[in-house]
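Chemist: Generate the whole structure from the sequences, applying the supplied hints.
In the order they appear, the protein sequences are chains A and B. Residue numbers for the first sequence follow my numbering, so the first one is 1 and each next one is one higher. Residue numbers for the second sequence follow my numbering, so the first one is 220 and each next one is one higher.
Honestly, the hints are just simulated from the structure, not real lab data. Just so you know, even glycine gets a beta-carbon here, dropped at the ideal spot from N, CA and C.
Listed next, with one range per pair, are the computed distances between beta-carbon atoms:
hint	chain 1	residue 1	chain 2	residue 2	range
1	A	H105	B	P361	40 to 50 Å
2	A	H105	B	K291	28 to 38 Å
3	B	F244	A	C48	38 to 48 Å
4	B	S329	A	V158	48 to 58 Å
Far from chain B, by Cβ distances over 10 Å, these chain A residues were calculated:
hint	residue
5	S108
6	I120
7	V122
8	L127
9	L164
Every beta carbon over 10 Å from chain B, so not counted as near; a handful from chain A, in silico:
hint	residue
10	T19
11	A50
12	T85
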Amino acid sequence: MTTPTTPGVATPGVPTPATGRSLGLLVCMRCRATVRAIGVEQSLCPRCEAPLYVRRPHSFSTTAALLITAALLYIPANFLPVMRTHEIFSDDDDTILSGVISLAHQGSYPIALLVFFASIVVPLLKLVALGEILLAIARGRVRNPRQRSRLFRMVEFVGRWSMLDVFALSLLASLVQIQSLAIVQVRPGAFAFAGVVVLTMLAAQSFDERLLWDAETRG
Amino acid sequence: MPDRRRARVPYVWILPAIVVIAGAFVAVHEKLAEGVPIEITFHTADDLEPNKTKISYKAVEIGQVKDIRVSKDRKDVIVEARIHREAGDYLVQDTRFWVVRPHVTGANISGLGTLVSGAYIGVDVGHSSVPAHSFTGLEVPPIVTSGQPGREYVLHAKDIGSLSIGSAVYYRHIAAGQVVAYSLDPRGDGVTVKVFINSPYDQFVTHDTRFWQASGIDMSIDSEGVKLHTESLDSILEGGVAFQPIKGAQASPESPEDSSFVLYSDQERAMREPDTVAQTFVMYFQGSLRGLAVGAPVDLRGINIGEVKRLSVEYDRDAGMLRFPVEVDIFPQRIHGRPRTDRGAGTADDSDTGGHAMIDSMVAHGMRAELKTGSLLTGQKFVSVNVEKRVSPERVEWNADPPIFPTAEGGLDEIQDSIGSVAKKLDAVPFDQLSARLMATLTTLQDTLKSTDQVMHQVNGSIAPQVTATLKEAEDAMKNAKEALSSEAPLQSDLGSTLLELSHAARSVSALADYLERHPEALVRGKPKDPK
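Modeler: In structure tokens, the structure reads:
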């Protein structure tokens, strides 16, 4: 790793951590090269030619838009059926919640609990957590940035497991196609649900965590 | 540059906008697809399930049951359903709904598919133009749906027999329709059966058409043998109705929808001339009425011209005795024996007055009613109207109500009478005189026998001894003959020795002849000497 030599500008004895911005330095988010900022807000990383920026541009706005979309989709994802099971004697539409309930009725409590957390609690938690963070930033006062940061990272980590449902469903739908005996069909709720998962992930990705600390320093 | 970047901001915001618009679109679409809400009342929600049971018209889904609840009076269930918007104009006042379930009868299995798929609600769209959103469901699926070409007719019968809804209606053994409904008449004295005759068979229903029950097996035993009559295998199991024009019917216009007909109990009765005019008579019979039942035939030389209507007992105050009036209905038109060509009150009246004159003249010729035994085995009796030769002249008492018809003794009574008359004749025989004469005859006979005895005595005394002597002589003669012929008699032994010698002589001659044959020279030279 060849780093362009930067003069040591850290001022010892200062209680607050030095930020790149305060030092006139930029970090390339792709190759982590630290570049001296030359006044212009956007330029290309001299090493990997990725765009360089002090803060991800429009991070707040993009995250907010994605989050609102995800929140909107969360409604049909939970109220519309995700799956239709054609059997000889019946024709059942299942929503996520009804699936969880029927799993619990069958006695598979661990699986029911897992699905309940992965598919209902986690997306909701993600929406709430991200929403709360964004709101705090918008207000300009972040009270407990370290805790929030930990929450955000946890949400980002757990979030991908929500896709489990979608994968399981796509597997079922493609495998269980015994004509006239049993057919599993994907219903619109599943698309909404997949949308929620993908959009929250994208929202988390587009969120520039440093905005938290900016707010703190400002506050 | 910053302006350009700032301008990019709304692009991401397209996403929530799209979702909102899509959501709104879906919501509106769902709302539209939800369809028209209707309510159907059923007696029971058996086999119906909210959000599952479908409503189908001609097997095409046009709606779904959304909710089921019990009515406020707890007598019925109210099924709330949504009908697709495009089928909204099906919802008129006379549209009918019913639950299709598996249905198995003797000759028919339907709705088997519902065993697997679950019941569904069937629809028959009505013709009315008045829209409706609340319906009363049928408990029994309708046999005939409104689109089917044909006509409905009303039949009146005394009882339903073995008919049921769905029983076939036959025209010349072709299944031409079905029984669609039946109900008890309000007064409870009959049933009304509705039948639907499919096109084109409905054109054969005219006012000369007769309907009869073609249920089961009709077996009759008569002088022609055993006759077994059935309409079809289905009708044996399920019952049925058959119709056909009466014999000699002329072409007449088709009967309009909902015309009424009588449903006869069998073909014979249906094809019989209708007895529109019945003349009631009272008959007083002398003998016992045991074996005579209401409905017993009134028979005119084997032809049924009426039936017994009522049997009763009445007390005749004037005569101070019981009388047993038998009321009978006589159908004068049957005596006419002329096929009616049309119906109507006018002809009936004519034949009625004609009936009076006719009956009067027949009674004047000696026509009387009698009780006769139809079957000696069961003792069933019937009223026989017959022309008797030696009867005192009588008249029908038309003034009485009902008129009194003269009767004559008959049947077993007749037999009893003849036995009585035989006894009377026996009574008339002069048995006293007969026995006196017999006594005289017997005395004479005794005298005769006595003289015969005397004659026999004379014979014994004078003729018999002579006969004895003769017999003795004959016996002597016979004894002599016997002695002469016995083996020890001399004549016998002499004859024996003579015959023996004759035999020896014959043998010698035979030996000589033999010798001479072998040695004929001995005749000349003599017998040569013994070579010894």
